[in-house]
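S.K.: Sequence:
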Amino acid sequence: MEPTVVLTIGASDSSGGSGLQADLRTLAALRMHGASVVTAVLSRNTRDTADLFAQPTNVVTAQLASVLEDLPVAAVKTGILPTPETAVAIAARARTGALPNLVVDPVLTAAEGSRRGLIAAYERLLPHTTVLTPNREEASALLGWQVATPRDMAAAAEQLAARGPRCVVVTGGDFAAGGDAIDVVWLEGEARLLQSPRIASRNTDGSGATFATAVAARLAAGDEADAAVAWAKGFVGRAIGDASEWRIGGGTGPIDQFGWSALTLR
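Count along the sequence shown from 1, then add 3; that gives the number in my numbering.
Note that these hints are calculated values from the structure, not bench results.
Just so you know, even glycine gets a beta-carbon here, dropped at the ideal spot from N, CA and C.
Fair warning: there could be bad hints in the mix.
[To be verified] Pair ranges (Cβ atoms, derived):
id: 1; residue 1: Arg250; residue 2: Ser17; range: 17 to 23 Å
id: 2; residue 1: Gln198; residue 2: Gly225; range: 21 to 27 Å
id: 3; residue 1: Gln198; residue 2: Gly262; range: 21 to 27 Å
id: 4; residue 1: Ser199; residue 2: Ala151; range: 16 to 22 Å
id: 5; residue 1: Leu196; residue 2: Pro103; range: 27 to 33 Å
id: 6; residue 1: Ala65; residue 2: Pro200; range: 43 to 49 Å
Take the sequences, apply the hints, and build the full model.
M.R.: What follows is the structure, encoded as structure tokens:
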């Protein structure tokens, strides 16, 4: 039985906690074949990001063309698109229908140049997006107003859905309410809350990338968007909990997509 192919488009993280490394680890844990397009190289550890080197757009598009002309890609996830030109190039391929089950994690904090230009470029990508997964900060940047409360998250999800995505999930992992981690999902004209108990851990690096990649994987497996989102939230919660005792580096460490903490090596 051949594995399903999922393509991730994003940055390489030298610490291994986020970016393509987190995406490929997630896909391997879910027994899927991960193909990748490198958009940038991050000089990064658990404490901070020292540098971001954006790949030239023609290098990104060459990688993408090579994958799409040969591999049976069932879903695509995007992470860091470091320049407006890169985002526009990805949107152009999406417009042709070449990027099925597209999940967009609009990572804006590491972008080079004008954030305004990158946000404008995302406007071209959103109409071809199946699931959009911004956190509150990213939703605020995309919309131009501060997304703070669950009510704000619902309004933001509705406004972003009006720009084209079939489903929008505004994640609120950093938002505490009643001890729960809250996300807001907008799908088929209505908002609903996804709540789960908050897990105390300093190790959350890559949780956003893992969530979006897990959504893409479940879409590739045939799930509807709502089921894919709910499953991915549970997967990330377990991965955070399993890594809660790790001390990899002096800052925010990675999460445990493989459930390694439950294994005993002999």
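S.K.: Decide, hint by hint, whether the structure agrees.
M.R.: Here is what the structure says about each hint:
1. Arg250 with Ser17: 17 to 23 Å: Since Arg250 and Ser17 have Cβ atoms about 19 Å apart, the given range 17 to 23 Å holds.
2. Gln198 with Gly225: 21 to 27 Å: Given about 26 Å between the Cβ atoms, the range holds.
3. Gln198 with Gly262: 21 to 27 Å: 23 Å, holds
4. Ser199 with Ala151: 16 to 22 Å: 20 Å, holds
5. Leu196 with Pro103: 27 to 33 Å: 29 Å, holds
6. Ala65 with Pro200: 43 to 49 Å: For Pro200 against Ala65, whose Cβ atoms are near 45 Å apart, the range 43 to 49 Å holds.
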